[in-house]
Structure formats: C-alpha cells, structure tokens
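A.B. asks: So the sequences go chain by chain: A and B. Counting from 1, one number per residue, gives the positions in the first sequence under UniProt numbering. Counting from 1, one number per residue, gives the positions in the second sequence under UniProt numbering.
Read the hints as simulated data drawn from the structure, not as lab findings. All residues carry an ideal CB built from backbone N, CA and C; glycine is no exception. Errors might be hidden in some of the hints.
No farther apart than 25 Å at their CA atoms in a straight line, the calculated lysine-lysine pairs in the PhoX-like style are these [stated by the list, open to error]: (1) K422(A) <-> K57(B); (2) K57(B) <-> K408(A); (3) K181(B) <-> K408(A); (4) K39(A) <-> K145(B).
Some chain A residues close to chain B (C-beta under 8 Å, calculated; not the full set) [unchecked claim]: (5) A16; (6) A335; (7) A376; (8) E379; (9) V392; (10) E396; (11) V399; (12) E421; (13) Q428; (14) R453; (15) V455; (16) P456; (17) E461; (18) S462; (19) W466; (20) W467.
From chain B, some residues computed to sit far from chain A (all C-beta separations above 10 Å) [to be verified]: (21) R107; (22) A163; (23) G201; (24) E240.
Chain by chain, the residues:
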Amino acid sequence: MSDSAFLGMPAFPAAARAATGDAQLRHNLRKATHTIRDKRASVVGELDDWPVLRAAGAAIKDRTLRHLDTYLVRLEESVRAAGGTVHWAADAAEANRIVTGLVQATGETEVVKVKSMATQEIELNEALAEAGITAFETDLAELIVQLGDDHPSHILVPAIHRNRAEIREIFLRTMRDWGVPAPDDLTDDPRALAEAARVHLREKFLRAKVGVSGANFAVADTGTMVVLESEGNGRMCLTLPETLISVVGIEKIVPTWSDLEVFLQLLPRSSTGERMNPYTSTWTGVTPGDGPQDFHLVLLDNGRTDVLADTVGRQALRCIRCSACLNICPVYERAGGHAYGSVYPGPIGAILTPQLRGTSSELDASLPYASSLCGACYEVCPVAIDIPEVLVHLREQVVDGPGHRAEKAAMAAAGWVLDDEKRLGAAQRAASGARGLVPHTLPGPGSAWTDTRDVPEIPAESFRQWWRRRNKGRDKGGAE
Amino acid sequence: MRVALFVTCLNDTLFPRTGRAVVRLLERLGHEVVFPEAQTCCGQMHYNTGYRREAQKLAVRFVRTFGDADAVLAPSGSCAAMVRDNYRRLGAPGSRLAEEAAALAPRVYDLSELLVDVLGVTDVGAYFPHRVTYHPTCHGLRLLKLGDRPTRLLSAVRGLDLAELDGAAECCGFGGTFAMKNEAVSAAMGSDKARHVAATGAEVLCAVDNSCLMHIGGTLDRSRSGVAVLHLAEILASTEQEPARL
Ligand code: SF4
Numbered sequence: 001m002s003d004s005a006f007l008g009m010p011a012f013p014a015a016a017r018a019a020t021g022d023a024q025l026r027h028n029l030r031k032a033t034h035t036i037r038d039k040r041a042s043v044v045g046e047l048d049d050w051p052v053l054r055a056a057g058a059a060i061k062d063r064t065l066r067h068l069d070t071y072l073v074r075l076e077e078s079v080r081a082a083g084g085t086v087h088w089a090a091d092a093a094e095a096n097r098i099v100t101g102l103v104q105a106t107g108e109t110e111v112v113k114v115k116s117m118a119t120q121e122i123e124l125n126e127a128l129a130e131a132g133i134t135a136f137e138t139d140l141a142e143l144i145v146q147l148g149d150d151h152p153s154h155i156l157v158p159a160i161h162r163n164r165a166e167i168r169e170i171f172l173r174t175m176r177d178w179g180v181p182a183p184d185d186l187t188d189d190p191r192a193l194a195e196a197a198r199v200h201l202r203e204k205f206l207r208a209k210v211g212v213s214g215a216n217f218a219v220a221d222t223g224t225m226v227v228l229e230s231e232g233n234g235r236m237c238l239t240l241p242e243t244l245i246s247v248v249g250i251e252k253i254v255p256t257w258s259d260l261e262v263f264l265q266l267l268p269r270s271s272t273g274e275r276m277n278p279y280t281s282t283w284t285g286v287t288p289g290d291g292p293q294d295f296h297l298v299l300l301d302n303g304r305t306d307v308l309a310d311t312v313g314r315q316a317l318r319c320i321r322c323s324a325c326l327n328i329c330p331v332y333e334r335a336g337g338h339a340y341g342s343v344y345p346g347p348i349g350a351i352l353t354p355q356l357r358g359t360s361s362e363l364d365a366s367l368p369y370a371s372s373l374c375g376a377c378y379e380v381c382p383v384a385i386d387i388p389e390v391l392v393h394l395r396e397q398v399v400d401g402p403g404h405r406a407e408k409a410a411m412a413a414a415g416w417v418l419d420d421e422k423r424l425g426a427a428q429r430a431a432s433g434a435r436g437l438v439p440h441t442l443p444g445p446g447s448a449w450t451d452t453r454d455v456p457e458i459p460a461e462s463f464r465q466w467w468r469r470r471n472k473g474r475d476k477g478g479a480e
Numbered sequence: 001m002r003v004a005l006f007v008t009c010l011n012d013t014l015f016p017r018t019g020r021a022v023v024r025l026l027e028r029l030g031h032e033v034v035f036p037e038a039q040t041c042c043g044q045m046h047y048n049t050g051y052r053r054e055a056q057k058l059a060v061r062f063v064r065t066f067g068d069a070d071a072v073l074a075p076s077g078s079c080a081a082m083v084r085d086n087y088r089r090l091g092a093p094g095s096r097l098a099e100e101a102a103a104l105a106p107r108v109y110d111l112s113e114l115l116v117d118v119l120g121v122t123d124v125g126a127y128f129p130h131r132v133t134y135h136p137t138c139h140g141l142r143l144l145k146l147g148d149r150p151t152r153l154l155s156a157v158r159g160l161d162l163a164e165l166d167g168a169a170e171c172c173g174f175g176g177t178f179a180m181k182n183e184a185v186s187a188a189m190g191s192d193k194a195r196h197v198a199a200t201g202a203e204v205l206c207a208v209d210n211s212c213l214m215h216i217g218g219t220l221d222r223s224r225s226g227v228a229v230l231h232l233a234e235i236l237a238s239t240e241q242e243p244a245r246l
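Sequences are here, hints too, so could you generate the full structure?
C.D. replies: So this is what it looks like as structure tokens:
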C-alpha cells in the first residue's frame, strides 16, 4: 500500500488529541455522522430479513475469497470475451505504471475520475501528475478535497470535515486554477454550491477523452463492472470518454448477477441510508458505437493476498466500503478521519491499513488500539466483519513485535499477581494499607487517567477479606 | 439455587460493596452463594490489549475454578462477555481449554440474566426512592444482549423513578487500556456521556459494570455534577432496613 502522503504522521493518539480540541471539526463530524447513522438505522429497520441478507452477503464474499483464483481467471476470460483488456498489478507502483502507460498511449494529458478508493490507495493522481497528466476528480466531495489541496477523511463523504462556509471559500479561491471559476457572488447555499460545481465539471466531462474509475463490484460470470454513485457524475465519466480504465481490487469480485443482487440491497441502505441506489452503472467490455471503445481493467493486489493468508484478518476483505462503521464509531466521530493516516479511516481503516502496510511504523502500530472495542461497528457492518475480533488479533501482532517495553513489563507483572489468588490477596492488602496515600491526581502515566477523571477510593477491605471475616464469624455462630 | 460468585478482580479490589450487595440480594431471595477462593481475574485486560498468553493462563485458571458450578454469576457485563464470547477464541480449536470453555460458557451469567432468566424474578423486593438513569454498557448491550432485563428489574424497585438516557447505546469511552492509550478521545467520549447523564436530572447513574461506572463517575465527580454511580446489584439489594449508601 502506498503511503507517501501520510509519511511522518504522528501516531493515532496524538493526531486524535489535536482533533478533539478542534471544536469546529467536532461539530461538523458529529452533525454529519449522526444524520447518516440515523438514516441508516431507519431504512435497515424496515427490512425484517436484514439479518439474513447480511449473512448472505458475508457468505458470498467468503466463498468467493476462498476460490478467488478460480473467479479471477473467470473474470479475466469474460472481460476479454467482451472486448476489454485485463492487466494484473501486484502493487501500487505496477498499477500506476500500467495506468500511466495506457493514458500516454492515447496521447492525452487529462483524465476525468470517478470516485474510487483503489486509485486513492495507490495514489494514482500523484503518479499521473509526475508524468504530466492531470486527473480531475468529479465526485462533488472529492472535488472539494482536490480543490482544497486536502486529504479525504471519510470513505463515502471525503469532505465530511468541511462545512458549507468552508466549501464556498475553497470554490471561490481555487476553482479558477483548475478550470471554470466559481461565480463571484457564490453563497454557501447548498444549491448554489452544487451549481458552481456542475458548471465547473460539465466542461471537463465534455472535453475528456479518458476516464478512470474503480468498481464496487466485478461480476465474474459476465465480466461486468458495477459502480454505485449518487450524483450521476460517475456515469458521465463512464460513458463520454473514448477510453475507460478501471482499477479494481481483486476482492471486489462477485461470481454472478444473483450474488450482486444481495449487495445492491445491502450497500445503499448501509452507506447513504437509501432504499435504492440513485445511479448504478454497469458495463461489460466494449459495446460498438456506444460508450468508451477502449476498456482496460487493472486488477490490483497491493497486499490483498497477504491479508487473505491470515485466517482471522481476512474477513476485512469482505468490506464493501459502505462506511457504516465510520458513521457509527464514537472514536471516529471525535478523532476525525485524518488521524488514521490512511485513505481508509475509521474502524475498517484500523483493521485494513495495518494489514496492508504492516505494523512497523508507529502510526500503523497504533491503529489497532484506536478503538474502545465497543462493538458498534460489527453490529452495523452489512457483511458482518467482526472488527473487534480483528483489532484484538492485530494487537497481539503488535505485542509480539519489538518495543512497548514498559507496558510489557507491567502486563507481565499484573499477569503474575493475578495468576495466584494469594498474590492477589497480598497486593490488595498492600493497596488498602496505602489507601490514605493515594493522591487525587497521579503523576506520570497515571495522569492519563486523572487529568480528566477522579480516581476511585481504595476500600479498607477487599471482597475476599470480607468474605473470610464473615465466614469466620459464621463458623463461630456470630452475625456477619 | 447454589450460585458460584465470580466477583471479578476489579470489584474484589476496588468495589467490594458490589460483591457484598450481590451476596445480600441472592441470600434474601433464598439462594446460596459460594465464593471459590482460587478465583482471580478473567483475563479481559490482557486479552483486549493483545497479551494472549497471559490471558490464556487466566482463562485456564477460571475454567478450572468454576468448571463444576451450576451457575456462575459475574457482576460485570464485560467479564461475563469475556468468558462467554472470547474464551472460545483463546484455546486452539479442539484444545482442552476450547472444549472446557465452550461447556462452561452457557452457565455464566450477568446479574440481570441470572435473576430474570434463571431465577425467574423481576421484582426482587427492593426499595430505592431515587431518580435513576441506566447506561446499558457496550458488552451488556451488544455481546450479552441483555435487552430490557436490567430496566425491567429497576422498574420493579419500589420508589425508583427511572429516567431515559439520551444516546444510551453509545460507548462511554472507557475501553480498558483504551482509557490510557487514547486518553483524549476517551475523555471526550466520557464527557459527552456525563453530559447526557446530568441532563436526565437523575441522582444516580446505574450500570452492570463498575469499570464503565468508574470512568463515567470519575468524570461526573470532576465536573461536580452531584450524580452518584451505583452498580445494579447495589440498587437491587437496597431495602428500607438496609438502604444503599449513595
Ligand atoms: S467494514 Fe463493514 S461497515 Fe465498515 S465500510 Fe466495510 S462493509 Fe461497511
């Protein structure tokens, strides 16, 4: 996984601390996540077969991943038969090389982009820019991020950390550098902002000869790519250009159209809280005289086969990027997406990024701990990824690695005391004896607790001491 | 019925009054409580922080100590969930630990489950004339799926006025070592929870887990809200003759 944009990021706790102090950011995030999470809850609640759909979604993904080799070859054959070309990319660098080469072969220096996580993961825009090719993001929120020279902070709503006033300011300041400028009298009315974006983007759609996309699903049987979006901008990119290049992670495969049906129910309700997705585009290779006449599919591994090899961690590959886990997560809501230092923020990021990138950097090693294990993410996940289970599994890998000496020593000491009831009893008596000495604010690591919370008082007698005393009294026939 | 009490290391050391309340309550209802003294800790902190080997040792000890019990009561939602939900992950499939843990799991209960499902009571004859709000706790809500058992028990308490808590399902931000490792986010979550609690006008916040209550209570105390925290057992044990200490 490529990570140059995030190199040098502080570990999660430090980045999150900064975010919790940003009142505007917390307000923006709270409002946005609560709105989407409530919408999701109400449309999911309408379906009495939701648990069955969810189980079916998980089962289809698991079965496909178990036989991924078979389905990948089937997909390649179907795409070829439909007139498309298939490329295999082992990592980000190879994928970027392939796409850059394909664009250069057309002689063009501009591409229009459909919102795509895979191309962000490999940092395709940056790679294209190095080759003198400009990539225009056409999803409204991605456009805001691109114009603001910013990073996305949410899978589905990349500019969730921005409010209307900030968006107006960005449009007024930077649209002119990228193409059609925003009108001088632009207000922060959502309709006015959308209209400015529409005018700005329309010119790009009509001019572009090359489109770049990802795909939400790839149907192996027919070689069909599927993109779900809400604006119709994606459909412009998928139909108007002459050449279309789709970069798709190898885990996006579904075997058949009837498998796809399950996900077309799960995804919109989980992501935008809609019963049906507004714009669902499907295309199969090339159709003569209609749409792009040159189609390339770049199948991306970039660490996914390593994830597949981990029997606990592999469930992360079921993810359909709905972002329900982000919207429900109390940690994401307060820390914001940037603290996760990856294009995949929130609970899914906390289990996917350390698997794709490893846990050797301080940031990546801190991600499995960016959760209170409250389990809300697992509960809403439409493909039943047990995120807390994977988090704990990844914590075990971090603990098995180097570093964290003080914590390991403390945990070993606690383990030793707790492994014998007599040692525990002795420790309790020592604590009770010193109870008058415990101050209300603790120095050193203890201050992490007492900066914001009082410490409980240590009781004079532990439960087990009381129990003994009471039983002794009883043996003698006395009261407790 | 004879109930084996797993008091939990946190209650044993810091909140013995919860353990004493459990004993008083169950004996009042005519049941026998035993306290196997070999017990220490379920291993939750070690497991959740990634210290699998230490957690395994403690799991083996737990299963050895409680394996024969008819019913094990853990007056802590997260510890009950640890034994029921996570022990099966600690032993390799087919190992002795995995098998013994699977056999024991269905006999491990949280207090509200033991009372409502096993002993078949919702009115335990308690008296507690105060306005109370209930925080469901993540493990109680999502792992044990306690549902309305605790609030049914509370509603049956004479004199008790139950106030609904806004954003009840949201985590309080404790999360064991999370409270230390991500202290800024943990504190932000805790202060939002404390704000919702204070807004109910309740005198007492009740939950089935003293770890969450220690975190929310510590935050409430720091803000001088005047709201006390009490484990469910202490409210249910409370009577006119022996009222719970606020
Ligand atoms: S992990 Fe589940 S809830 Fe989160 S984005 Fe993926 S599919 Fe959606």
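A.B. asks: A separate judgement is required for each hint: does it hold in the structure or not?
C.D. replies: Hint check:
1. K422(A) <-> K57(B): Roughly 16 Å between the alpha carbons, so the hint for K422(A) and K57(B) holds.
2. K57(B) <-> K408(A): holds, 16 Å
3. K181(B) <-> K408(A): holds, 14 Å
4. K39(A) <-> K145(B): Within the cut-off at roughly 23 Å; holds.
5. A16: With a minimum Cβ separation of about 5 Å from chain B (threshold 8 Å), the hint on A16(A) holds.
6. A335: holds, 5 Å
7. A376: Nearest chain B Cβ about 7 Å off; hint holds.
8. E379: Constraint on E379(A) satisfied, holds at 6 Å.
9. V392: holds, 6 Å
10. E396: holds, 5 Å
11. V399: Status holds, d = 4 Å.
12. E421: holds, 5 Å
13. Q428: At about 5 Å, which falls below the 8 Å cut-off, the nearest Cβ of chain B leaves the hint on Q428(A) intact, so it holds.
14. R453: holds, 3 Å
15. V455: Interface hint status for V455(A): holds (7 Å vs cutoff 8 Å).
16. P456: holds, 5 Å
17. E461: Holds - the Cβ of E461(A) comes within 8 Å of chain B, reaching about 6 Å at its closest.
18. S462: S462(A) check passes; min Cβ-Cβ to chain B is 5 Å, inside 8 Å.
19. W466: The hint holds - W466(A) has a Cβ within 8 Å of chain B, the shortest such distance being about 6 Å.
20. W467: holds, 5 Å
21. R107: holds, 21 Å
22. A163: Answer for A163(B): holds, closest chain A Cβ roughly 22 Å.
23. G201: Fine: 22 Å to the nearest Cβ keeps G201(B) off the interface.
24. E240: holds, 19 Å
The structure is consistent with each of the numbered hints, conforming to all of them.
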